[in-house]
Structure formats: structure tokens, C-alpha cells
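There are 4 protein chains.
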Amino acid sequence: MSSPIPVAVLGATGSVGQRFISLLDNHPWFKVVALAASDRSAGQKYSQATRWILDTPMPDYAKDMIIVLASVEAVQAKIVFSALHSDVAKELEPQFAKAGVAVCSNASSFRQAEDVPLLLPEVNANHIHLVKEQRKIRNWSGCIITNPNCTSTGLTVALKALDDAFGVKKVFAVSLQALSGAGYPGVSSLDIMDNIIPNVGNGGEEEKVETEPRKMLGKLNQNKIDFADIKFSAHTNRVAVIDGHTVCASVEFSSPPADIQSVLQILSNYQAPAEARELPSAPKPVIHLREEADRPQPRLDRLTGKGMSTVVGRVRKDSLFDIKFVVLSHNTIRGAAGGSIYNAELLVNEGLL
Amino acid sequence: MSSPIPVAVLGATGSVGQRFISLLDNHPWFKVVALAASDRSAGQKYSQATRWILDTPMPDYAKDMIIVLASVEAVQAKIVFSALHSDVAKELEPQFAKAGVAVCSNASSFRQAEDVPLLLPEVNANHIHLVKEQRKIRNWSGCIITNPNCTSTGLTVALKALDDAFGVKKVFAVSLQALSGAGYPGVSSLDIMDNIIPNVGNGGEEEKVETEPRKMLGKLNQNKIDFADIKFSAHTNRVAVIDGHTVCASVEFSSPPADIQSVLQILSNYQAPAEARELPSAPKPVIHLREEADRPQPRLDRLTGKGMSTVVGRVRKDSLFDIKFVVLSHNTIRGAAGGSIYNAELLVNEGLL
Amino acid sequence: MSSPIPVAVLGATGSVGQRFISLLDNHPWFKVVALAASDRSAGQKYSQATRWILDTPMPDYAKDMIIVLASVEAVQAKIVFSALHSDVAKELEPQFAKAGVAVCSNASSFRQAEDVPLLLPEVNANHIHLVKEQRKIRNWSGCIITNPNCTSTGLTVALKALDDAFGVKKVFAVSLQALSGAGYPGVSSLDIMDNIIPNVGNGGEEEKVETEPRKMLGKLNQNKIDFADIKFSAHTNRVAVIDGHTVCASVEFSSPPADIQSVLQILSNYQAPAEARELPSAPKPVIHLREEADRPQPRLDRLTGKGMSTVVGRVRKDSLFDIKFVVLSHNTIRGAAGGSIYNAELLVNEGLL
Amino acid sequence: MSSPIPVAVLGATGSVGQRFISLLDNHPWFKVVALAASDRSAGQKYSQATRWILDTPMPDYAKDMIIVLASVEAVQAKIVFSALHSDVAKELEPQFAKAGVAVCSNASSFRQAEDVPLLLPEVNANHIHLVKEQRKIRNWSGCIITNPNCTSTGLTVALKALDDAFGVKKVFAVSLQALSGAGYPGVSSLDIMDNIIPNVGNGGEEEKVETEPRKMLGKLNQNKIDFADIKFSAHTNRVAVIDGHTVCASVEFSSPPADIQSVLQILSNYQAPAEARELPSAPKPVIHLREEADRPQPRLDRLTGKGMSTVVGRVRKDSLFDIKFVVLSHNTIRGAAGGSIYNAELLVNEGLL
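Chains as they are written, first to last, in this note's numbering: chain A, 1 to 353; chain B, 1 to 353; chain C, 1 to 353; chain D, 1 to 353.
Worth double-checking, as some hints may not be accurate.
No copy is singled out in the list; a pair is fine if it fits within one copy or between any two copies.
[As the list claims (entries may be wrong)] Under the rule of at most 30 Å between Cα atoms (straight-line distance), these lysine-lysine pairs were calculated in the DSSO-like manner: (1) 231 / 317; (2) 98 / 169; (3) 224 / 31; (4) 306 / 284; (5) 284 / 45; (6) 317 / 31; (7) 170 / 317; (8) 170 / 231; (9) 284 / 219; (10) 169 / 136.
Bear in mind the hints are in silico, worked out from the structure with no lab data behind them.
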């Protein structure tokens with residue numbers, strides 16, 4: 001790269017915003033030129049306006065930056081990473097796209113729009129080309145591309161490998177989700193100590209897990225996505241874990257494998273599509289397969305591949321469907337900020353910026 | 001009752017043993033006459049030999065009792081409650097049964113023996129009559145009766161109500177199990193803080209959950225149990241909760257209900273069989289149905305009905321099977337010591353002591 | 001008591017308000033006739049307006065009560081228990097006192113007022129007579145009486161016993177405080193999991209611990225309190241405990257005891273003043289002395305004496321002062337709602353209502 | 001360095017052993033040539049014999065190393081890092097020293113021996129020269145050098161800076177210690193969830209905190225250490241934190257500073273002795289001073305300076321002594337394995353290997 005691409009973070013003070021700022025530190029292609037937030041924080045130094053909650057220190061580059069208002073006028077960048085709440089995102093992201101900016105969004109507002117790619121580059125990199133249709137339809141010079149809900153993320157990566165090989169028909173999924181997924185301050189300590197909460201986001205989470213993977217595992221067909229014909233049932237739970245979403249999954253195939261060994265090979269050999277394989281944020285490996293009887297575990301495995309890898313373990317026969325397994329993904333890295341950055345890298349690499 | 005029935009606790013110093021001692025304090029029918037343990041503790045005062053881990057105080061009656069060796073010779077009682085490890089139980093429990101003692105066991109050693117009742121009185125009280133066959137075959141004057149694995153317990157109670165009404169065919173179950181289920185010292189704090197462990201007991205737990213409910217939901221038919229024709233798939237997880245096992249379940253019926261409302265009625269109206277309904281430890285209610293979007297929760301709901309009730313919530317349509325729900329049961333009360341005591345009460349009430 | 005005294009709870013929906021409602025269930029002298037809160041909740045059923053966070057169920061009597069506005073007009077009671085925030089309390093409590101109501105307050109607003117008793121009945125029951133002066137000066141027919149900050153509570157009880165015997169001169173105190181002390185939602189789970197916070201309330205807590213015990217250990221002298229001549233140094237910390245504040249204390253005496261045995265006797269023999277000894281909420285025992293090397297512990301010991309007892313342990317020689325020890329007190333029972341109710345009982349018993 | 005110095009880890013499978021192996025990965029001076037443990041593990045591959053509990057992955061170099069027996073015969077190295085239990089260390093470490101090996105020990109066995117340096121290089125680097133006397137007296141060609149107890153570590157670093165400037169006379173110290181300090185499996189989850197334990201190691205910990213800083217803050221005087229004339233009082237507590245020991249301290253000076261500002265300057269300007277300043281493991285900075293009202297916090301600050309820095313905060317006036325503050329140190333990095341490695345680097349640098 002000759003000169004770095006100027007990028008900005010919208011919603012920079014929140015928990016996902018902090019991850020963006022942390023992961024963009026020393027990025028080989030991108031340079032953060034603006035940190036944007038609501039008018040409550042705008043005008044203040046980032047280090048003063050922000051209650052930093054990550055256990056890695058705030059990057060030096062961000063400390064003295066003056067927060068600007070999250071608006072098209074105040075933010076000058078070619079890419080904006082959006083950590084906005086979905087109601088704000090709904091209004092603001094199209095303004096940026098119209099103004100020629102590529103919006104890489106972690107918000108759910110446009111994930112289900114027909115012309116908006118919902119992307120995990122290691123799964124469906126080619127869906128990025130939907131932005132051409134999007135630009136045509138909406139008459140935008142910029143675009144909006146989205147990454148899925150954090151609970152769908154790891155599950156979809158594992159299912160992609162399995163679907164390619166055996167054809168996935170049905171998926172039963174129960175999540176044990178980390179606290180950071182609820183933002184900050186998020187879950188009260190009195191609600192989660194010595195406890196679990198058998199619901200996340202009042203049910204909306206389960207719908208997302210039952211819908212989003214079908215779009216990502218679908219096929220790009222003449223400027224639209226044909227959703228994969230897979231049925232999902234999801235239960236979502238909040239547990240006392242800081243980072244890392246775990247999902248217990250049982251899967252039924254159309255062409256079941258002869259044995260578990262074949263499943264293990266398929267999972268550990270899975271590779272991202274060629275165009276997504278060598279990007280700066282590409283997970284290495286895409287899937288880390290663990291063979292111990294009690295892994296993956298969030299505290300020990302969430303940082304595999306710098307938090308970008310999907311970790312799968314306990315692959316075994318299922319007595320109702322074909323196989324069952326456990327999948328773990330770092331919810332604020334692969335499942336949020338890291339995922340958006342990986343999407344942006346793909347956009348650049350495909351010449352679509 | 002004219003005079004109390006003398007009972008003993010085997011394995012009195014461990015975590016389940018402590019629950020027995022706590023729950024038997026002021027029991028209307030039973031009087032604890034012996035506390036038994038291994039030769040490491042035998043001969044010592046109970047209060048000196050025991051690291052008491054419950055948050056209710058050690059009952060006064062137990063404090064100065066001298067622990068005796070867990071042996072037929074040293075323990076004089078009509079009923080023994082067994083909190084022994086399964087390998088010790090396997091050898092010792094038959095000796096007591098042969099010597100005329102009724103063994104109410106929390107150990108897994110004999111749960112699957114054909115002539116041994118596996119009992120939840122609110123579910124299958126009539127299975128108690130299997131002890132007649134057991135006595136005949138084994139030439140025992142005593143008997144062994146067992147209660148199921150703690151994770152199967154609440155799930156089986158809920159399934160019983162549903163099976164009676166709609167016929168249960170398939171069950172997916174994912175557990176979030178409490179730490180006390182692993183005994184003391186059990187799970188290391190370094191293994192569970194900021195973490196979950198996606199396996200319990202190296203897989204044995206999942207087999208139990210897939211097998212035990214089929215026996216309890218089966219029919220007593222000419223001195224043997226016909227297992228229920230239900231297929232289970234189970235994932236078991238350990239979470240950072242002190243007491244209370246939560247299970248997320250999806251269920252397929254042979255005669256599905258027209259709507260969720262019918263399911264709610266069936267669950268909240270469920271009653272124990274008549275002979276198990278008015279016993280001192282009978283849960284009141286058997287099933288407590290919660291209608292909030294985020295209940296049951298272990299910390300808030302595990303003591304419902306003094307820890308004997310099964311708490312069900314989040315009953316809703318399932319996109320793969322018919323319905324899904326969350327069920328909670330106190331693992332060391334209903335799922336262990338309280339369950340054994342309830343079994344003993346049934347035995348007495350049926351005139352089988 | 002012929003007929004019960006009508007009482008109300010102000011701030012009924014919050015965490016301390018919930019404790020009041022729970023502890024007043026079946027109180028032998030008091031009958032709750034009104035639950036009051038801000039206009040956000042007023043007009044709703046209590047069970048609908050409240051997110052109940054205790055692990056004991058909401059008392060039946062409260063469920064269908066309609067919440068009224070916390071105002072003199074809307075609340076008809078002889079005693080009001082105040083769980084109001086201190087800024088609201090500052091304005092509202094005098095209005096009730098003026099209107100003839102006895103305000104038993106957990107708020108800090110009037111604790112340091114010269115004519116307001118700061119009471120722990122087992123420590124300074126006679127300070128209650130300060131209300132006569134208060135009524136004279138302020139021309140009130142009602143009154144305000146307060147209980148101390150929850151961290152001061154257990155410490156002051158232990159110091160009272162020691163001060164009577166050996167004369168306390170200096171106290172070094174470091175607290176490990178529970179999450180419920182911060183109210184609900186209070187401390188974010190992300191702030192306290194795998195963590196401690198070495199400050200509570202931004203320093204105000206430490207000042208309270210350094211000041212309040214001096215008033216309570218002081219003497220009532222001609223209608224005013226002479227503060228005890230004791231110097232305190234306090235560090236306050238928040239830890240991942242739900243209920244129960246622990247304090248590590250080192251104490252210097254003016255007349256040091258000959259040995260630790262004398263200190264143990266003084267602590268375990270301590271009795272409340274006669275007038276406070278047989279009240280319904282009187283702690284039994286006042287001080288529970290534990291002799292194990294690792295007690296008191298909040299989870300195991302906080303409910304000693306129904307949460308009203310002060311638990312002391314690890315009494316040993318101090319290398320800088322005379323002795324050191326650990327003291328535990330239930331922060332929302334003895335240290336908040338239970339304390340206010342005990343104060344109200346004393347007021348009634350002294351004929352000062 | 002021309003060629004790397006061969007080193008070994010004794011007690012390689014335990015929690016401190018794992019930290020040694022992790023921190024020695026890619027060390028610029030040292031090359032691990034042997035991993036040693038008891039005969040239970042000897043002969044196995046390291047990756048098979050070890051339950052790895054760190055959240056960073058096991059270094060590749062260690063995975064396939066065959067564990068050897070911890071004995072002089074089996075271990076060929078110039079330096080051994082000892083993570084042995086103190087009873088084993090007592091016997092084994094002198095054998096290595098006699099055989100010409102430099103033992104850098106984390107065990108407590110020889111910390112108080114007159115001729116054994118107890119070292120924190122940033123505090124008392126010159127005490128390393130005590131090994132000359134040790135070699136003379138004991139007729140050893142190797143040596144034993146030790147690092148202090150993990151709770152003393154951070155406290156002593158902070159006190160060193162203060163002692164140089166103002167003369168420390170008295171110290172009150174209350175610790176909130178992490179779970180990893182107890183090793184693995186260490187503390188049971190049932191003992192620490194929703195709880196604190198007001199004692200560590202049955203009192204031995206408090207004696208260490210009251211003694212070890214006096215040796216390190218003492219002066220090397222004609223081949224022996226004159227202990228510093230400082231009086232300590234310590235309370236030690238275990239809390240639900242994975243890594244990072246926090247200490248609340250109050251300090252009395254012989255020459256008190258005029259104001260807090262002077263104390264802050266002294267702390268933040270403190271530098272290690274010249275000979276310890278540029279070593280590979282030297283903490284940068286030695287003391288990180290935080291000015292927020294609620295820092296240091298273990299989860300957020302324990303990795304400051306790669307876990308080698310001492311973090312100090314909340315420096316303020318004390319009402320009994322002169323100042324009080326909070327100090328945090330990573331107990332298994334600075335307080336254990338990292339400390340031993342830093343000691344070894346000093347030994348090499350001083351030409352004493």
C-alpha cells in the first residue's frame with residue numbers, strides 16, 4: 001500500500017468502539033483520522049470522554065484525539081466503522097453511504113436488507129459483490145456492508161465447512177454468551193453472579209441466530225442472495241464470562257459422513273475463499289479444532305488466532321441428528337470489531353472501495 | 001406416626017451428605033441415629049471431621065454425633081441414605097439391603113439395574129413396587145431404591161407432564177450445571193472463573209441424561225420397566241453457579257398441542273400421583289411455571305418449594321420440534337438428598353419398609 | 001401489642017426497599033399500609049413496578065398493593081421506613097417528621113445532624129432520647145432517627161464491646177464490601193468479574209467509616225452527643241460478593257488486655273443494653289465469635305442471627321497496635337433495612353412514637 | 001550474548017512452572033534445555049503431562065520436550081528456575097548449588113537464610129553480592145538466590161521509593177490476593193464464589209509480609225544484611241480474582257513529606273539501581289502511578305509493563321499515619337516466575353554465574 005486509507009470509528013466511546021480503536025492500532029492499511037460519538041462526548045479528548053474497559057491499554061494514537069460528532073459533515077474518511085446503536089445506525093449509515101463513504105457496520109439495522117451483504121469473508125467473501133447492486137439501486141457512491149450478530153458468527157463458520165461437505169439441513173443451537181456482548185455497563189453484577197440468565201435481548205437474539213446464518217450460507221445469484229435451506233432452532237443464554245460466546249450445536253446433514261473422523265478432517269482443513277485468505281485480519285487458522293474432552297473454553301481459547309479464529313471441539317455423534325459439537329468465537333473481536341475490519345479489507349482488496 | 005423411624009446417612013461428611021443432614025433436621029417421620037463415613041473420619045465428632053460448606057448452619061443434632069464406619073455392623077437403622085461414591089456404593093449398598101435395611105441411594109451404581117426402581121415420586125411413584133420383585137430375586141429383606149442424576153431430574157418432571165398430554169417423541173437438552181454437582185472441593189476456581197466448561201464428568205453425564213428419563217417415563221409391566229420410546233440428545237456444561245441446574249430443552253410430540261396456551265396449562269396443572277402428593281417432602285407445587293421472559297434463573301428460583309419444585313419458563317414454539325422451554329431444579333435438594341428422602345417417604349407410605 | 005402499628009416504606013421498589021418489605025412480612029408489631037416510590041412507579045401494582053432481586057420470594061402482602069407517591073399527603077402511617085436516595089431524603093424526611101410521623105431512615109442525609117440519633121440499639125440505645133431535643137428544637141411531633149452506613153455497622157458493634165473493656169484509641173480498617181451495597185443495577189458485571197475496585201462511592205465511604213462510629217461510640221450528654229475520642233483510618237474496597245461486608249481491623253487500646261483470651265471473652269459475652277435486648281429484631285447473639293482460622297466468610301456467615309448478628313473472627317495480636325480481627329455484617333439486613341426496623345422497635349419500646 | 005545460557009525449570013508442570021516456560025519463550029539470553037518434575041510426570045512429553053492453565057498458549061518449544069526427573073543427575077543446565085514446593089526445594093536446591101548450578105528460586109525455603117539473597121533487582125540489586133559469602137561458607141560453586149513472596153513484592157517496591165525519600169517507620173498492609181497464588185487446583189470454586197476468605201495459607205502469609213520486606217529494604221553490610229527497622233502489620237485475604245495481588249497500605253514516615261504531591265513525584269520518578277535497569281526483564285516503568293480515583297484494578301492493570309511493573313494508586317493522606325495508597329503487582333509474573341528470571345539476569349550481568 002502506498003499511503004494509508006483514512007478511516008473513522010462511529011460510536012467510538014462504547015465497548016465495540018473501543019475494540020475498533022484497539023484493533024486499528026498499527027493496522028497496515030488503515031489510519032484512524034476521526035473518532036466520532038454523540039454530542040455528549042463530541043469536543044472532548046478521547047481519553048477524557050471514555051471509560052476504557054479493555055484489559056489492553058488505550059492506544060496512544062487515540063488518547064488526544066478530539067471526538068467529533070457522528071455526522072457526515074464532521075467525519076472525513078473513506079471508510080467508517082460503525083459501532084452505533086441500531087436505531088441511530090438506521091438513520092446515519094445511509095447518509096454516509098450516500099456521501100461516498102464505505103460503511104462497515106456492526107449494527108443490525110441493515111443486515112437483512114436484500115441488497116446489503118452480510119459478511120464473514122472466510123465464509124461468503126463473494127457476497128461482497130452485492131454492493132454493486134446496492135449502489136445501483138440506491139444511487140450511492142459509498143456502500144453499507146455488515147457483519148452478523150456475534151452469536152451467529154462462530155456457528156456459521158463451522159456450518160460453512162460442514163455444509164460444503166455434507167449439506168446441512170437442521171441445526172439445534174444453544175448459546176452461552178459473554179457479558180461484553182451486552183455492552184457497558186450492560187449486565188448488572190447482581191443479575192449474573194452465581195447465576196445465568198436464560199435469555200438475551202428479550203428473544204431478538206434467538207431470531208437473529210435462526211435467520212442470519214441462512215443468508216450467509218446462501219448463494220449470490222444474479223444480484224440477490226438465495227437463502228440456504230436450513231432450519232435452525234436457537235436458545236440463547238447469558239453466562240458469567242467476560243468475553244467469548246460458546247454454542248452447543250447438533251446438526252443434521254443431507255449426505256451424512258461415514259464417520260466422525262471425516263468431520264474432523266473437513267473442519268480442520270477448511271480454508272477461507274482465496275480472496276479472503278491473505279488479508280491482514282484473516283483468521284489463522286480459520287477453524288482451530290481441539291481434540292480434548294473439555295474444550296473449547298472461553299477463557300483459555302477465545303484469543304486463538306488473535307481472537308479471529310473459530311474454535312471447535314467435542315465433535316461427536318448425535319443421537320437425534322448426525323453430529324454435535326461445541327463452537328467458540330470471540331464476540332467483540334471476530335464477532336464485532338474484528339469482523340468489520342476484515343470486511344473492510346475485503347472491500348479494498350476487491351477494488352470496491 | 002407413633003415413634004420416629006431410625007435412619008442413617010452414609011457418606012455423611014461430603015457435600016450431599018451435608019444436605020441429607022440438613023434436610024433431615026426436624027423431619028416428621030425420621031430420626032437420624034447414625035452418621036457414617038470412611039475410616040478416615042470414623043471415631044471423630046461430626047463437627048470436627050466435617051468442612052461444612054452449606055450456607056445454612058450445621059444442625060445442632062449432628063454436631064456432637066460420633067461418626068461411625070460405613071458398614072452393616074456399625075450402622076443400626078431401618079433406612080440408610082446413601083451419599084457414597086458409586087464404586088463404594090456398589091459394594092456396600094447390597095450388604096445393607098441384604099441385612100434388611102432400606103437403602104435410599106443417590107449413587108448411580110444401581111440406577112440401571114432391572115429390578116431397582118429409579119424414582120421421582122411425582123413422576124413414577126408406582127415404580128416403587130419393583131422392590132417386591134427385587135426382594136424376591138435377590139432374597140433381600142431390605143432393598144435399594146435410587147433417585148436419578150441431578151440433571152435428569154427437573155427435565156424428567158417437566159417431560160412427564162408433557163408426555164401424559166401430548167406424547168413426547170424427541171428431546172434436545174442442553175444443560176448449564178452448577179458447581180455443587182461436582183462435590184467438594186470439586187471444580188477449581190481457576191477452571192470456572194470467567195469461564196464455562198463444555199463437559200461434565202467426561203461425557204458420562206450426557207449418557208445419563210439420555211438414558212435415565214427413559215426408565216422413569218417408562219411403564220411398570222409385570223415386574224419390569226418398559227422404557228419409554230423417546231430419543232434424547234444431550235449436551236452438558238458446567239457454569240459458574242453454586243446451586244441449581246438449568247436445562248434448555250426442545251421437544252417433539254406425537255400429538256402436538258394446538259397452541260402454547262395448552263402447554264402452559266398442562267405444566268402448571270400437573271399433579272403428583274395421589275400416593276406421592278401429601279408426603280412431607282412432596283414439592284409444592286410440583287411445577288412452578290414462570291411467565292417472565294428471563295426466568296427461571298438459578299439464583300432467584302432454585303429455592304422454589306423449598307428447593308423441591310421444578311421451575312419451568314420460556315415455553316414457546318420451536319422451529320424444528322414442537323416446543324422449547326427452560327427448566328431449573330435444585331441439584332443438591334430435589335436432584336440429590338431431598339429426592340432420596342422423598343423416595344424414602346414413599347417407601348414408608350406404601351408399606352414397603 | 002393490641003393492634004399493629006401502621007407503617008410505610010419510602011423508596012419501596014429499590015434494593016433496600018425490597019429488604020424492608022421482606023423483613024416486615026409477619027412483623028409482630030408493624031403492619032405495612034403503604035408502599036411509596038417516585039411518580040415513575042406510583043399508581044402501579046407493586047409486583048408490576050418492581051424488578052425483585054432478592055433470592056427469597058416477594059411477600060404476598062406486597063404483590064397487589066398499589067404504589068403511592070412518596071409524599072406526606074399520600075402516605076398515612078405512624079412510622080415510615082426510608083430507603084430514599086440521600087438528596088430526596090433530605091427534602092422529604094423533614095416533611096414527614098413535621099407531620100407527626102416517625103422517620104426511620106437508612107439515608108445518610110441527617111446522620112451527622114447534632115440532634116438526630118445515629119443508632120445501633122445494641123450499641124447506643126440511649127441515644128434515642130435525643131429525639132426529645134430534636135422535637136423541641138425543630139418543633140416536630142414526629143422525628144427522624146437514622147442507622148449508620150453499612151460498613152460502619154459491624155465494626156462499631158465490635159468496637160463497642162472492646163471500648164467498654166479496654167478503651168479504644170486508634171482503629172485501622174480495610175473493608176471488602178458487597179455488591180448489593182451499591183444498589184441495583186449498581187456495579188456493572190464487567191467492572192467486578194475477575195476484579196476488585198479499590199474505592200467505594202469515590203471516597204465518601206471512607207469518610208463515613210472514619211466519622212460515624214465516633215458518634216455512636218460517643219456519650220449522650222445534656223441533649224447532645226460527645227463524640228468518642230478515637231482516630232480511624234479507613235480504606236474501602238468493592239469485591240465480587242453479593243451480600244455481606246467484611247472489615248479487617250487493627251485496634252489500639254488505652255488499657256490493653258493481658259492476653260487474647262480476655263478479648264475473646266469480652267466479645268462473646270457482649271450484650272445489648274437492657275432496653276434493646278428483647279426487641280423483635282434484636283440480634284441473637286449480638287456478636288457471634290468464630291474461632292476457625294478462616295472465618296467469618298460472607299457467603300457462609302452473613303445470615304448468622306437472621307442477618308442481624310455481627311460475626312467476628314481471627315482475633316489475634318497485632319504487631320503495631322494491640323489486636324487485629326475480621327468482622328462481618330450483612331449490609332442490607334443489619335446494615336440497612338433490618339437496622340432501621342430495630343431502631344423503630346426501640347422507639348416504640350421507649351414510648352417515643 | 002554470543003551463545004545462549006542453558007537453563008532448566010524445576011516443577012515445570014505446576015502453575016508457576018508454566019509461567020516460567022511461557023516467559024522464557026524467546027528469551028534473549030536463556031535457552032530452556034530441560035523441564036523437570038517429579039517421577040509422576042518424568043518420561044512423558046510436556047504437552048501430555050501438563051494441564052496447561054494459562055490463557056496464552058503453551059510455547060511450541062516445550063510441547064515435545066520429554067520431562068526429566070528433578071535431580072542433579074538428570075538436569076544439565078547452568079541456571080535452574082525452581083518452582084518446587086518448599087519442602088522439596090529445601091532438599092533439592094542445595095544439591096544443585098553444590099553441583100555448580102545457579103538456583104533462582106521462587107520457593108520460600110531459603111528466603112530467610114542469612115547468606116541467601118532475597119532479591120527484587122529494582123529494590124536491592126546489590127544484595128546479589130551475598131552469593132560470594134554464600135559460596136565461601138557453604139563451599140558451593142553454584143548458589144541459591146530467591147525472590148520474595150508474591151504479596152510482599154509490589155508493596156516492597158513502593159516502600160523502597162518511599163523509604164529512600166522519607167524513611168519508612170510503620171506499615172499497615174491488607175491484601176486482596178488472587179486465586180493463582182494458591183496454585184492449581186488450589187482454591188475450590190465453592191469456597192470463593194460470592195465470597196472472600198479472610199486468610200491465606202493459615203497465617204503463614206501474614207508473617208512473610210511482615211518479615212520479607214525488612215530483609216529486602218535492609219542494607220548489605222560486611223557480608224550480611226542488616227534488616228530495615230520498619231514495623232509491619234499484615235492482614236491477608238483471598239478474593240475472586242484470577243491474577244494480581246492488591247494491597248491497601250498505610251505508612252508512617254520518619255521525615256514526612258510536606259504534601260502528597262511530593263509523594264507522587266517520588267513514586268513516579270523511582271528508578272531501579274543502575275545495574276538492574278536495562279536487563280531484559282526490567283520493569284518499564286518500575287512504578288506506574290495511576291491518578292484515577294478507582295485504580296489500580298487487577299483485571300485492568302496487572303499486565304502493566306508486561307506484568308513486571310508495580311502499579312500504585314489512590315495516594316492520599318492517612319489520618320493515623322502519614323499516607324495511604326493501593327499497590328498492585330502481578331503475582332505469578334512479577335511476584336513469581338518473572339521475578340526469578342529477572343534475578344537470574346542480574347546474576348549473569350554481575351558476572352556471578
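Results of checking the hints against the structure:
1. 231 / 317: both (19 Å within a copy, 14 Å between copies)
2. 98 / 169: Classified as neither; 39 Å inside a copy, 54 Å across copies.
3. 224 / 31: neither (33 Å within a copy, 57 Å between copies)
4. 306 / 284: both (8 Å within a copy, 25 Å between copies)
5. 284 / 45: Intra 36 Å, inter 26 Å, cutoff 30 Å: inter-copy only.
6. 317 / 31: Neither, since 47 Å and 44 Å both go past 30 Å.
7. 170 / 317: Result: close both inside a copy and across copies, 15 Å intra and 16 Å inter.
8. 170 / 231: both (5 Å within a copy, 17 Å between copies)
9. 284 / 219: within (25 Å within a copy, 53 Å between copies)
10. 169 / 136: neither (34 Å within a copy, 51 Å between copies)
Going through the hint list in order, the structure does not satisfy hints 2, 3, 6, 10.
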